[in-house]
Structures are given as C-alpha cells and as structure tokens.
Amino acid sequence: MKTFSVSHKTVIVVDHCPYMAESSRQQIECDMLTKSRAQGVIPLAPVSKSLWTCAVECSMEYLRILYDIYPARKLDMSAHRDILACTVLQVNYIVSDSEFHILNSWRQEDQSVQELMSALAAVGPPNPREDPECCSILHGLVAAVESLCKITEYQHESRTTLMDMAERVANRGRIICLTNAKSDTHVRMLEDCVLETIQEQNKLAAGSDRLMPIQQCELVLVHIYPQGDDTLVSDRPKKEISSVLNSEVHSVRAGRHLASKLNVLVQQHFDLASTTITNIPMKEEQHANTSANYDVELLHHRDAHIEFIKSGMHSIFVFDQCIPDCVCTGDLHMAGSTSRDSGLKETVTLKWCTPRTNSVELHYCTGAFRISPVDVNSRPSSCLTNFLLNGRSVLLEQPRKSGSKVISHMLSCHGGEIFLHTLNSTRSTLEDPPSISEGCGGRVTDYRITDFGEFMRENRLTPFPDMPVDAAGRAPFERAKAQLERHTRYWPMIISQTTIFNMQAVVPLANLIVKDSMTEDDLLTCQKTVYNLVDMERKNDPLPISTVGSRGKGPKRDEQYRIMWNELETLVKTHVGTSERHQQVLECISACRSKPPEEEERKKRGRKREDKEDKTEKNGKESEEKGWAPDSERLKGAIEREKEEQSESEVIKDSPDSPEPFNKKPRLATEELLSLEKSKGPVSLLSLWTSRITQANSRKHQEFAGRINSVNNKAELYQHLKDENGMDVHENGKATR
Amino acid sequence: MPTVVLMDASLSMTRPVSLEGSEEFQRKNLAVHGLTMLFEHMATNYRLEFTALVVFSSLWELMVPFTRDYNTLQEALNNLEDYDKTCLESALQGVSNIVQQEWGSTCPCQVVLVTDGALGIGRGSLRHSLATMKQRGEDKKFPLPFPFPSKLYIMCISNAEELQATDAMDNLEQLLTLSGGEGHIFTMDGPLCLKSVQAMFGKLIDQAYTPFHAVLRCGNLASDVQVFPRPEPVLLDDEVDPVPKAVLTELEIVGFIEIGDIASPPVLSRHLVLPIAVNKEADEVGAGTTDDMEEDTSTNQMAGKSPNFCVLLHGSLKVEGMVALVQLGPDWYGMLYSQADSKKKSNLMMSLFEPGPEPLPWLGKISQLGPISDALENPYGEDDSKSPFPVQPKNKRSYAQNVTVWIKASGLQMCRKSSEMQENFQRKHKRSTRLVLYVVTQSKLPHEFTLDAFLIVKTVNCIPFFWAYLCVLKELNRLRKAALAFGFWELLKCVAELLERECTLLPDSAHPDAAFQLSHAAQQLKLASTGDSQYAAFEHNITPMLTDFSGGGGGADRM
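Protein sequences appear in the order of chains A and B. Quick note on my numbering: the first sequence kicks off at 1 and runs consecutively. Quick note on my numbering: the second sequence kicks off at 738 and runs consecutively.
Incorrect hints may have been included.
[As the list claims (entries may be wrong)] Restricting the straight-line Cα-Cα distance to at most 16 Å, the calculated cross-link-like pairs of lysine to aspartate or glutamate (EDC-like) are:
| no. | chain 1 | residue 1 | chain 2 | residue 2 |
| --- | --- | --- | --- | --- |
| 1 | A | Lys310 | B | Glu875 |
| 2 | B | Lys1055 | B | Glu995 |
| 3 | B | Lys1133 | A | Asp110 |
| 4 | A | Lys528 | A | Glu587 |
| 5 | B | Lys1145 | A | Glu29 |
| 6 | A | Lys539 | A | Glu559 |
| 7 | B | Lys1131 | A | Glu115 |
| 8 | B | Lys1042 | A | Asp446 |
| 9 | B | Lys1082 | A | Glu431 |
| 10 | B | Lys1042 | A | Glu438 |
| 11 | A | Lys238 | A | Asp295 |
| 12 | A | Lys515 | A | Glu580 |
| 13 | A | Lys310 | B | Glu839 |
| 14 | B | Lys1081 | A | Asp432 |
Simulated from the structure, these hints should not be mistaken for lab results. These numbers were taken from a predicted model, which means no experiment stands behind them.
Modelling step: build the complete structure from the supplied sequences, incorporating the hints.
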C-alpha cells in the first residue's frame, strides 16, 4: 500500500433520512428469561434494529478493526512508512439528512471509536416524522468530496518535509456511502453528483493552499434494505466512471448480512487477511479440570501470509506443500449465504502449539502485524486476547497430516497490543557459520566478560518521550552514545591487561570518574579511594597483578604498585578535561602516589613503558614519543611478541644476552603457588600460609641484593657488563608484568 | 543471498571464437573461464555464500545443489557436456523451483545467467515465450518475476553489437524488466577473448560479490568487521522517498536492551558480523595477489590471539541475555546479539530493522532512548525487577477494553442466570451466598463468561445490596451508552421493561431497597429512550437513587 493510496483517506457517509428509521425486520429475542423459568411470565416482545442502527453499528465495527490494526499515530516528519502500520489511515464520518453533519475531522486525536460514539449519540436515530422531501444523502456526499479535498495533517507534514518535491504527495481517497437507494437510476444520479462535485472542487482546490485536488476517488455505495423485501438496486462490481472516479455498488440486506459485507470490505480496502487459530485449549467453567478446543478468527495485514500467497501463486510444487494444509473456505461473495457469519473469503488455519515459548528467546521474525479479533466479545476471543495481554506468547504451527511440524507464526503482546509475528521456517543461508572462537580474537581466553556485562547493564536504554533534547541540544540517543564514549575511554578488554579493574578497592573511583559531572561527595569518595590505595601500599598488600604472559612470579610488589598507579593515572587522565573535580582527582593521585628514590631514577624509562602500554591498549591513540634508541625499539617488539605468544624462545632469539630459558625446567612448588596467588581464582590455604610465612620471614632479614632483582630466584651474574653495554634486558623483562 | 549459476549448455555455446594465432576457443570455454574466476573469488572472499549450478538447453539439470564447496562446483564446470537448443523459460522455471524448495519464497536470491545470447528459435525460444506471455492461464505463467526477491545478472558471452544485430538484447532487457528490474546485463567489450571475459566477470564481482567491510564501534572500543551477507540498500516508498537507503560502514552502538524487552522484533534481514584483521601492509602492497594466501593465514593466526572487541561483546551479550542497539544510518537501526546454531557454535549476529525513526512500537522512537543514568530513578529498579519497556500506546485496542458489539443477536440476549453463573460469581468474589442473577450475555456459547451485564436483584445476608447494585449499574450504563450511540432506543425500552417486570417478581426475602432501585434504573432508561437531551446525554450515567435504606450507610461502608 502506498503512503498516499486511496486508503489514506476514507469518508464514511451514513444516510440519516427518515426512511432509515425503518425496521430491519431482523427480530431479536432479548428476553430469554422465560426459557429458564416458565412460570406464566409473559415474555417481552422481540426487538429489532432500524436500518440506521444496522448501518451505524456495522460502520463502527469497520472502524474498530481499522483502528486496531492501523492505530492512530502521532505525526512524525520523517515517518513515511513503518513495517507495523504501513500508512497513516484516517477516517471522516459524515451523516446526512436535511443537511450534513461532520462528526470528526482528519485530525489524529479525532480518530477513535469512542469519540465517534459520543458524536453519534448526539445525532440520535433518524426522525421518521421529518419531511422526506428536504432530506437527502446528497448533502453528505457533497460534504464527503469537500472533505477529501481538505489536506490532512499528514499530507501537510509530508509536503513541508519534501519541500520542492511536494508534488509527490498525492491526494486519493475513498467514500463509503451507506444508504437506502430507490433504484439503479437513483444510484447513477448519486455517482454523477459525486463526479460533478469532484470536478468543481478540484477547480477550487487548484487555487488553494489548504486544499488539494483529488487525483483518485473510489466510491463504495452500499444499499441497505430490510429483510424480506426485494432489492431495488442491483450489485455492480467496480467500474471506472471517469479517470478520477471509480464506483461499485453493493446491495445488502440489513442485519448480519450487512455486517459480513462490511467485514469483507474492510479486508479488501486495507489489505487484510484472516487467520483462524484452532485447537485453543480452554478450561470449561463447569468442569475445571477438563478443557475443550476452540477456534478464534483474527484479522491482520495480508503480508502475514506472504509465504503462503507467494508459494501458492507461483509454483504448483510449493502449493502442494503448503496450501492444502491451510483450510481455504469457499468464496463467500454472497454475504450471508453460508453459515459463517464472518463472511470471509478465506482464512488460513494455524494450530495452537504447545509448549509455549519464553520471552528470553529471540526468534528470527520476518514481520509483525497487529491483529483484531473478528468476534471481539466472544468468550474464545476474549480468552485468547486476555491470555496474550497478560504477557504470554503462543507459537502457531501449520496443521499437517504428516511430517515434522512447521512453526510459522507467533502471537505475542507488546504493551497492550497483540501482534502476529511471522517466523522464518525455511532453511537459513547463515547455517554453519565459523564459530566466533575461530576468528579474530577467538583464542584469547581472559576477556572481561563479566565486567563488560556490568558495563552493558549500566548502558541500558530507557525511553525519554517527554525530554526530546537536553540543555546542550542533544537527543536522548546522542546522550547514550556520549555516555558510551565516556565509559570506554580507558577500558582494557582482557583481565591480564589491567590491574585496577581487578581490584575491588578501585571500584568506587572507577564508577565515579566516568560521570559527566561529579558532585562534591563523588570527589570525596574518589579521594578516599586513593587514600585507601596509599594505605594498601604502605601495608604492602598484594595486588591482583596478572602473571599471564610474564615469567615466574611476575614483578615485585613495589613494581606492582607502580604499574597500578600508572594505570590509575591513565584512567583518570582520560577524564581530566570533563570538569574541575575530575582534575582534582588526578591531582590527588599525583600527590599521593609514592615515588621512592630509585623510582625517580627509573622514572623516564618507566614513563616510556607506560606510554607503550597506553599505546597497545588504546590502539595507538597517543603519538609515539620521540627519541627511542633503535635497540630498545627492537626490545619493545620482542616483549610484545613475548606477551602475545607466551613464547620464551622469541626473546632468546632476539636478545642473546637474556637468561637461559629456565621456565622450561620444572618450577619449584613454592613458585607455582606464589604465581597462583597473584593470578585470579581461589587461593588454597597452603599457599596463603606459605606466602604469609615468606612475608614474615622476609621482614626479619635484609634480602640478598641478587635475590631482590632475581627472577624465579635466579639472579643474573655480571649484570654490570650488560649495563655498560647500555642495555638492561632483565629489568625490562620484569617490568612487563 | 544464495546464488544460482544458470549455464547455457546449448550447441551454440560451442561456436568457436575467431582468434589469430593462438589455440581455438569455444564460447563455452570463455564462459567456464569467467565462472572459474567467479568461483575462485567467492572461495576466498565470499566463502559463506551458497551457490548452485544449473545447466540448461531444451531441458535443464541441477548439476550441483546449493553448496559452499567451490571445488565441487569447479569440477562440475569442467565436465560440462554439450546439448541441443536453448530454452530459457523452462530453465527459469527450474531455478524458481530449486530456490523455493531450498530457501522458501522470502529469501532473496541472485541468479547468474551465462549465455551466448542465442536464445533459441521457434517454440521454447525466449522470443516465443515473451510473445505468448499474456495469453496464458494461471497454471502456465511465465516464471518471472520469481516469487522470491531476486537479482538477475545476465552474462553474455558475446559483445553488445552482436546482440543488437538480432533482437536478443531487446529480449534480454525485457527479461530483466520482468524479473523486477534488479540486476544487470553484462556484455563483453572488444574481441571475445580470455581477457575480455575476465573483465566482464570482474565487473560482476565488483557489483555483486564484494564483501561488506565496516567498523563496529562502542564508544572508543572498536573492531573491523565483515558483515555477511552484505546488506543491500532498501527502498522505502517509491512514491514519496524514491532513494534507496544503504547501511553505513560505521556501525555505532547506541546502548543495550534486554532480550525480553526487545521481544523477537521483526527484521528485514540477518547478517553475521565477523571480526576481521585488517592487514594494513598488505593493503598498501595491493590486496588480491595470490601469493598473499599463506601470509594471510599467519596473519589470521596472529589475530586470533590479540583481543578483539567483537569477541568480548559477543561473550557478554550471550551471558547477560541482552542485545546491543546499533545505528546503521540516519534513522536506521538494527540489533546485535549472540546466536547459537544447532551445533552450539555461537556467533555475533546483526539484524536490520525496517528503516525509520520508530521501527518497533514497543520501544518508542529510538532517538528518544537515553541512558538510564539520566533518569531520576533507575527504570529497571534496584534489583532489575522492572523494565521501562514495552512502551504503552496512548489508546487501548478494542480487545483490551470493554467494547460493546451487538452485531450477533446472541450479544443481546438476556437470560435469567443459571446456577453455574452464580457459582462463578461467588468464586470470583469469595462470598458464600446464594444469589439470583439476571444476565445479559454476549453469546450463546455454553458457560459464556463475558457478560455485558448481570443484574443482581436479590441478595441474602452477606452481599450488601448496594454493592451488587453498583455492579449492575456499571453494566447498565455501558449498555445505555452503546444503545444511544447506535440509535437503538428500542433496546433501552426493552431492558427497562425487563427491570420493571423483575420488580414484580421479587421474592419476599429481597432487600427492601431492591424494588426502589430497580424501578429507578428502569425509569432512567426509559427517559433516555425518549431522546430527551436532558436524559439521553451520552456522558450521563445512571446513579443509584438515594433512599432511606441505602442511606450511604451500611452497604457502602462494607464495599
């Protein structure tokens, strides 16, 4: 359906002339009291609806279905179409007697059944005593054409948006006229009148800003006559009266025949189709533990059957596969001629399928279409809709006599609206893809999956319908992106790349520093976190430095703290420009972190290392510092490779001066334990004890200088020789965690 | 998007190509050469594509069913035999059947037709098919357009002049238009030789088989990815907005949403998001040279060991049961999620929503989704017990409210309640009392439970009459509104009479107020049925009459 097809504008014109007050002669026995209690009570006389009542209630049913499936939506400048409501459809309701009464306008807020009900109550039934001479449906038809010329808000918005291409916005419409015509000649007279009015109005509209000429109009004349009478008007299929006007005539008996006719029309006019859900298990009220199976018929957009339609039309083979399983009831063009009240041309039967699906499953769904039950008040319908409205979903399968079951649809409710989802039931072209573990980064095992999960929860979205833009003029989704940017300024992806994010003690600061604005309290918390870290360092508490990729037990404690401080600084530095308080956090860190004398000595080198870390982590964001000796450049490369491949041989190959590949020898038990302690995971009691003892012992004596600088209790001899060569492989090796 | 290669194996394909000096080629050899090039390209750069090979002459045969094994395809191509005359229509019908059997009728498909442009003579020729197309019944329709979305690429092993000399070009153009216009006709430039066939297939590869590379971003975290199958541009509305929208090569994550909240949304298409290692040096040297292959694998191995954002994202999406909302272009969004196949291999997938600012009504407008930290209180609750989704529409649908529809006569039948109804009522309201109920039911179905109205005229002891009466009035008011709107005054009179008759039938044990209230209600309905504006106002509601018995006291207190 195109955006501005004839369905964009519908005008319903209902005849309100005295003859419409005539009875439809379809008698309804309201009084069922006497059936259950025959006590000589005289039953009340049956009631019957007037032609007017029949016309009004059927047109309201037409609108009920229309608004269920194409609800009135708020206007949107750029929303030309969306999958769930293909177009904006609008209805104008006019009644006609001695004059016309327009009951609503093209405005969106007027597009509701409740509004119209209230307006109709004000009009009331036709007055049979009014002078038939001055009453005519013509008043209404003229008003309908005038109304079609009026521009809708949506057309206006589209024209404004498209600017120079405004001529693309078309003006087409449909007039549904419910009346009681005298004869075929009368009908022709009505058609001529509509055509003339269109021509007149188009001339008028050409010179107006708020009017648009009608390019195409479809006139649907429904002649209603009482039951038992012979019709004076004959049916006529759609025929072109002129290039702008098509007309069709339906001659229908009042009552349920009229209802079926309008049901067929609403489907034709708005591309609807019918699905019957069968085998719905429902508890019997009388016998609560048994259940009977019921059927419920739903209407929805035709595209929900696209798979059936296409395969049925084009290939006899697939037709064999699908269509015979879907019951197609015969063509019910003669509304009311069969026992089925719905009067549908055809319906596709789908079976209720157990087990039900759960909401955390993500189905591959190719379409979702709003539904409306045909018989909205019947018990099976309301049972089904209530079940769905409570938030449950039902899978639907194609009924088949044999073979595996094919689940092709799902009924599900989202926010008080029920949708028929079409599920893909054919083979996927994406089957058997390479697993993510086989691709880039697939072999890395220590991703911070849990931390990123936490990050995602913090970056969940929520609607802000009342706050389109903030003070800085950013829409909510732009604020969401800005938040993601802030939160990822420093975000190492793997556990072994980070120390601070493995420390519980840093959490408060890490959470606060990413905020757009910090309060005084936040600043205090950050400072406290820093003091706490200083305290830890003073107590020489162990840090969760990862030993992955480094040799032996990793860097020494003071080295660990240095790494930790550096990393913390890196994190805070990325936010320093955000506000004054962010700056203060950095100042606090710089002031607090200890810089022992030997640290000062190594400062320059350390800083360079730091830069390098930053570089690897932030994807080369910072420019490389100048002045690297070619040797250390080479060394840097070597270390990187070592980290990445955990291969010692590389280092040895690259720097012949480095120690023997001791790691290949079996390690001592204590070393194992020590390194274990520093890696993630639970620590055994033995290792705790051992480390404690070792710590206690170490305080009692001064450590042998060689051992302090050793790796895995192996000290390298004649280091000075190498120092004279200007290189310290060993230190560097250790420093990379 | 699967591919069907439809290869002309008619005798005319064996026509020799005149070349000076070198060995003699047939047109078939040129076609095979071109296809070999295509298959080689796909094997290296597009290896997830499913391809089938069909050959045709007056009959057609599926040589290789859909596969990703390009060796098999190549082998079949090398063993082609020569057959009789060209009959394109039946071959196209064959393609249609093969695709629908394998992928259904919604999966888009590419058809590569390789022919020499000699489209047959007499019955069964394309000319004949096109000429007779309009005079056929439903059962013998021309196979184009295919029921599935398709692109038709016609590779002509001849040059444009040759085709234009006959009506072949016109016929092929007509064929392309019939198929829906998506696709292209390729002809060879210059003399028919290996070089020009390579150039022609090179153009096809550029147009249809270049991999889609993009950068997936989440703030400062990013990864180079290939999106497969490549996302095709989408045409929204050819009347108002005739320019197709294409996916940008910068995919930016907006935020995250729980799977339960996004709730199986409808999508246009699904794509694998595969992290790739961008080998910058190789790019500089010039990609595509064959001896890069070995280097390529080693780069891939290296890449396997360096952390990649896609893997991190995939892992967390899987563990948390969430999706990432990703922006694909202006007012176009999609979602990223972890998808596991039957073999428990899982992957990062991207689904594209319909372009537009509000692809899913239950999320509202995407541009109005913001970070939870901006909300006054966490909309998910402190313990994740709540959710801001789904967004509720302003108006309820008919099935979610108490609408009145009287189209079926059964909707208007009023009967005196039988005992089940009474039990149900008691169970529902947890009152142990005997009630006599009068009901207006909606339907004749047994045990009908959707009531339009139930009238309680007698209570014994426990249920306060006043309370029961309010229930009745609520239903009566609904009935009254509908009757007024439909101009069905006769019904109002009928119900009024019914109530009045009940007054006369009240048993001795009835509440003293019952008769007063019932006749009051009856009176009000009667007044409404006169159409007198004072009583027939739509918004007016019948309220209980104040009597000494109801007195606002006892009954109301116990409600």
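Check whether the Cα positions of Lys310/A and Glu875/B lie no farther apart than 16 Å. holds, 13 Å
Does the alpha-carbon distance linking Lys539/A and Glu559/A stay inside the 16 Å limit? holds, 15 Å
16 Å Cα cutoff - pair Lys238/A, Asp295/A: violated, 34 Å
Verify the proposed pairing of Lys1133/B with Asp110/A, using a straight-line Cα cut of 16 Å. Since the Cα atoms of Lys1133/B and Asp110/A sit roughly 15 Å apart, the hinted pair holds (cutoff 16 Å).
Regarding the pair Lys1131/B and Glu115/A, is the alpha-carbon distance no greater than 16 Å? Between Lys1131/B and Glu115/A the Cα gap is close to 14 Å, so the pair holds against 16 Å.
Mind checking the alpha carbons of Lys528/A and Glu587/A for me, to see if they're no more than 16 Å apart? Given pair Lys528/A, Glu587/A holds - Cα atoms ~13 Å apart, limit 16 Å.
Would the hint linking Lys1145/B and Glu29/A be met if the CA-CA limit is 16 Å? Distance of about 12 Å is within 16 Å: holds.
Given hint Asp432/A paired with Lys1081/B - CA-CA distance at most 16 Å: This hinted pair holds, its Cα atoms lying about 10 Å apart.
Assess, step by step, whether the Cα of Lys1055/B is no farther than 16 Å from the Cα of Glu995/B, and give holds or violated. holds, 11 Å
Does Glu839/B sit within 16 Å of Lys310/A, going by the straight-line distance between their CA atoms? Distance ~15 Å between Lys310/A and Glu839/B Cα, so the pair holds.
Restraint check for Lys515/A with Glu580/A, where alpha carbons must lie at most 16 Å apart: Holds, at about 13 Å.
Restraint status (C-alpha distance of Lys1042/B to Glu438/A at most 16 Å): Status holds; Cα separation ~10 Å.
The structure fails hint 11 only (numbered hints given earlier).
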